[in-house]
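Residue numbers (my numbering), protein chains in the order written: chain G, 278 to 682; chain L, 278 to 612.
None of these hints come from the bench; they were simulated from the model. You may find that some hints are simply not true.
Using C-beta positions, here's what the derived DEER-type ranges look like [unchecked claim]: (1) Ile546/L - Ser524/G: 48 to 56 Å; (2) Pro539/L - Asp583/G: 55 to 63 Å; (3) Met345/G - Asp547/L: 57 to 65 Å; (4) Asp289/L - Lys516/G: 36 to 44 Å; (5) Ser574/G - Gln532/L: 31 to 39 Å; (6) Lys296/L - Asn513/G: 15 to 23 Å; (7) Asn586/G - Asp289/L: 45 to 53 Å; (8) Ser457/G - Ile546/L: 52 to 60 Å.
Pairs of lysine-lysine, BS3-like flavour, derived with a Cα cap of 27 Å [claimed, not checked]: (9) Lys558/L - Lys651/G; (10) Lys296/L - Lys371/G; (11) Lys505/G - Lys388/G; (12) Lys296/L - Lys638/G; (13) Lys544/L - Lys594/G; (14) Lys562/G - Lys548/G; (15) Lys393/G - Lys296/L; (16) Lys544/L - Lys395/G; (17) Lys365/G - Lys296/L.
We put the CB at the ideal spot given by N, CA and C, even for glycine.
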Amino acid sequence: MENFQFEDLSPNKVSKVYQDLKKFGSFLYNHKMGVFLVSFSSGVAYLYHNITQSHKRKQIKLAKERVMTYFESTQKLSEREVDAIITKFIDENKILDKIQTPSLASIRSEKDPSEKLKLTDQLKVSIITKLFSVLYIIPMVTIFNRLQINLIGKYCYLDYVLYKDQEQHSMRLINQQTESNFINSRNNCYFFKDINFSQFINLIQEQIKISLKDWKIDQQSSFEGFLKLLINIRNNFEKKEIIASISSDNSLLKYLIPTEEEIDNLVQSQKTPENDNDIEYQNLKMLYNEIRNIFESQKFYDVLKDSINQSFLEFTKNLREDFESTELKKQIDSIVLPDLPIEMEIPKPLVTMHNIILLPKINKQIGNIIVNKKSIIEKIGSTDLINQLNYSVLTNDLDFNKVQF
Amino acid sequence: MNLDDLLNSALDELETQEKEQPTTTKTTTTTTTTTTSNTTKTINNNNNTVTPSTIKPTYNKPPPPSLGNDDLLNTNVNDMMDIFKKLLGEETLKNLDAGFDKEYNKDINNNSDDSNNGGLPSEEDKKKIDELAEKLATMFGVSEDSDLGDMDNFKPFLEELTKAGGLNFNNDELNNNSNNNNKNNNNSGVHIDNFESSISDTLKNLADNASNKTDNNGGIDDLFSNLSKLMEGQNFNLDGEETGQINDLFEESIQFMAENYPDWIEKNIDHYPPEETERFKNQSEIFSMIAQQKEGEADMLDSGLLARMSQLGNLPDSFCEDSIKKVETEIDEKE
Chain G
278 MENFQFEDLS
288 PNKVSKVYQD
298 LKKFGSFLYN
308 HKMGVFLVSF
318 SSGVAYLYHN
328 ITQSHKRKQI
338 KLAKERVMTY
348 FESTQKLSER
358 EVDAIITKFI
368 DENKILDKIQ
378 TPSLASIRSE
388 KDPSEKLKLT
398 DQLKVSIITK
408 LFSVLYIIPM
418 VTIFNRLQIN
428 LIGKYCYLDY
438 VLYKDQEQHS
448 MRLINQQTES
458 NFINSRNNCY
468 FFKDINFSQF
478 INLIQEQIKI
488 SLKDWKIDQQ
498 SSFEGFLKLL
508 INIRNNFEKK
518 EIIASISSDN
528 SLLKYLIPTE
538 EEIDNLVQSQ
548 KTPENDNDIE
558 YQNLKMLYNE
568 IRNIFESQKF
578 YDVLKDSINQ
588 SFLEFTKNLR
598 EDFESTELKK
608 QIDSIVLPDL
618 PIEMEIPKPL
628 VTMHNIILLP
638 KINKQIGNII
648 VNKKSIIEKI
658 GSTDLINQLN
668 YSVLTNDLDF
678 NKVQF
Chain L
278 MNLDDLLNSA
288 LDELETQEKE
298 QPTTTKTTTT
308 TTTTTTSNTT
318 KTINNNNNTV
328 TPSTIKPTYN
338 KPPPPSLGND
348 DLLNTNVNDM
358 MDIFKKLLGE
368 ETLKNLDAGF
378 DKEYNKDINN
388 NSDDSNNGGL
398 PSEEDKKKID
408 ELAEKLATMF
418 GVSEDSDLGD
428 MDNFKPFLEE
438 LTKAGGLNFN
448 NDELNNNSNN
458 NNKNNNNSGV
468 HIDNFESSIS
478 DTLKNLADNA
488 SNKTDNNGGI
498 DDLFSNLSKL
508 MEGQNFNLDG
518 EETGQINDLF
528 EESIQFMAEN
538 YPDWIEKNID
548 HYPPEETERF
558 KNQSEIFSMI
568 AQQKEGEADM
578 LDSGLLARMS
588 QLGNLPDSFC
598 EDSIKKVETE
608 IDEKE
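So here's chain G without its partners, still in its complex pose:
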């Protein structure tokens, strides 16, 4: 049995109906049915409009669904890849070992108290540097990889739309080579390249040395006091004018991508007297320029800030438990609870602790963060902010209602 074909409803067909209706209109006119003409002919106009609009609405919906399917699947892919990247560089390649750290044995063996204090201070800086590095690496790599995937996705979609009816897809604007040079993967990650990553670590370490000058290991810290310290340090890196301006010396973002000079050198190196075929590197340069522009946008800054907050929140939530005093809680419960008319949970009271005692606890939490990185990556990836930003990157802020089908 012949099925009803979609083509039967092409605009031409509708137009045929429309033409017939117009004839009908003139038929009515000739019979002085003026009122009918006004209502009916305009009705026909509406009818035509409605049918075409209905068709267009469905095409818009389809286009959105296509983009959404792509979007959702690639976001998962990105999460998995980020997890693999961090596993490779932190767990396997132990890239955090680049952070200068005195050996525990050297601290134990040091007899000179002032030298011992110096080494312990170095230990303090090292642990806090590691903490900040991990808490920055996870959100930065996550959102950067997402951006890259969606930026490439935009060009894939454009290629697809342009060439979908053709056999050849060889005309891709961004070819696979450019794509592979551009996207951070476990096999190619500019951020974790030796010199680049060492500079990233040094930047954090130098700032932390300054910030921890007055945070002595023999002093005590409350949970709130330590949170304040974290905020103070973060302010040195995360102010918009610092982080979003990748030309700034203190911008952490600049370590994610090669400098313009590096790219220019790369483009130049591909040019040979015989061969001027450096187009894929020109495209690479264009992609990085797009990334630079996104880095400077307010939207991106909001996403970055929110993502960093997620990783710090995960850390401070866990660290709070280290400040909780079970014994004090028991004492309070024994005094207060019997008199309480209703059963209620009193939060565990927090105690202060010596910074030297706090350090191993922080170190332990760094380990926990790395173990649980996947859930942090997922949390960062599922926020509305990051999805909105990436959807707008993928669709180039396309207004589907204005698309010509």
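Since chain G is already given, all that's left is putting chain L on it; use the hints.
Same frame as chain G, but now just chain L:
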């Protein structure tokens, strides 16, 4: 507890964490254990030796990256176009397209069985078309005897409409509509009030559809459902005074166009190409002429003008939209 004790205790804790450092996903457990115990031995045997060491975060063996069974997730992140093709170029896209066509056809054929004859009107529908055409012809004073040509003009278009799935010949609905209208119908010919209210309903439905309140293309259905209602309910015989009433409506609409169309053209002159604007102006001129003519010569309407008017085609959508909104507002105000 003095600072040294605290420091030693902290160092102990850090050392334990160091020992518990995770095995990596690529290192076998055996190798890691050996390495760890060697390091421990060095520290224990020679406490005074400065052993290069780093603070290792302590954690259990991290789970290997979950690769899942999905082919997509096994694709290298660098092969974005492959992923894209997998997602959109092949099955997923086909499914989406199929879903789209199905949904679209369902909407278009919302009242016809999927197993019908490919959207062509059924025998029963053809019968209904004949009946509707006959009623319309009667309504406009055309009988098969007097003007067979016009009747024939109109059938193909109704068939075309049904083919497009737009016409709904639902007997129950027609009967209900008929009953509803008959309540107010004393079968004594044209009742202009009913006629007007049916027209109003049609207009309102059109306006509703036009404002995209629904996602279906029920325009045709609604239009014809109201037309059917109108015709089922009224036994139109356009003779005698009824014709006069119809002419009053005609005059009103011509008057409306003569008054409003020139302003509309003036306001929208920039939105249309010059040849369109020219056509609008010609239409408007004819409306004015008919309107003036009618004032002087009540029943002597120049049929040549009407013919010219129909040659100039339909009114622009936007003007119709405005007028429908106007009518709708008037209806609302009355209500």
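The hints, checked one at a time:
1. A hinted range of 48 to 56 Å holds for the C-beta pair Ile546/L and Ser524/G, which are about 52 Å apart.
2. The hinted window of 55 to 63 Å between Pro539/L and Asp583/G holds, with their beta carbons roughly 57 Å apart.
3. With their beta carbons about 38 Å apart, Met345/G and Asp547/L fall outside the hinted range of 57 to 65 Å.
4. Distance hint check: the CB atoms of Asp289/L and Lys516/G are about 39 Å apart, consistent with the given range 36 to 44 Å.
5. Our hint of 31 to 39 Å for Ser574/G and Gln532/L is violated, since their Cβ atoms are close to 57 Å apart.
6. Distance hint check: the CB atoms of Lys296/L and Asn513/G are about 34 Å apart, inconsistent with the given range 15 to 23 Å.
7. Checking the proposed 45 to 53 Å range against Asn586/G and Asp289/L shows it is violated: the Cβ atoms sit about 34 Å from each other.
8. Checked against the hint of 52 to 60 Å, the C-beta distance between Ser457/G and Ile546/L comes to roughly 56 Å, which is consistent with it.
9. For the suggested pair Lys558/L and Lys651/G, the alpha carbons sit about 69 Å apart, so the restraint of at most 27 Å is broken.
10. The suggested pairing of Lys296/L with Lys371/G holds, with an alpha-carbon distance near 15 Å, which does not exceed 27 Å.
11. Restraint check for Lys505/G and Lys388/G: not satisfied, since their Cα atoms lie roughly 34 Å apart, outside the 27 Å limit.
12. Of the supplied pair hints, the one linking Lys296/L and Lys638/G holds, its CA atoms being roughly 15 Å apart against a limit of 27 Å.
13. Taking the CA atoms of Lys544/L and Lys594/G, the gap is about 64 Å. The hint is violated against a cut of 27 Å.
14. Between the alpha carbons of Lys562/G and Lys548/G the distance comes to roughly 14 Å, so the proposed pair stays at or under 27 Å and holds.
15. Simply put, Lys393/G and Lys296/L have alpha-carbon atoms about 23 Å apart, close enough for the 27 Å limit, and the pair holds.
16. Proposed proximity of Lys544/L and Lys395/G is contradicted: the alpha carbons are some 83 Å apart, above 27 Å.
17. Proposed proximity of Lys365/G and Lys296/L is supported: the alpha carbons are some 20 Å apart, at most 27 Å.
The structure does not agree with the numbered hints 3, 5, 6, 7, 9, 11, 13 and 16 stated previously, though it agrees with the rest.
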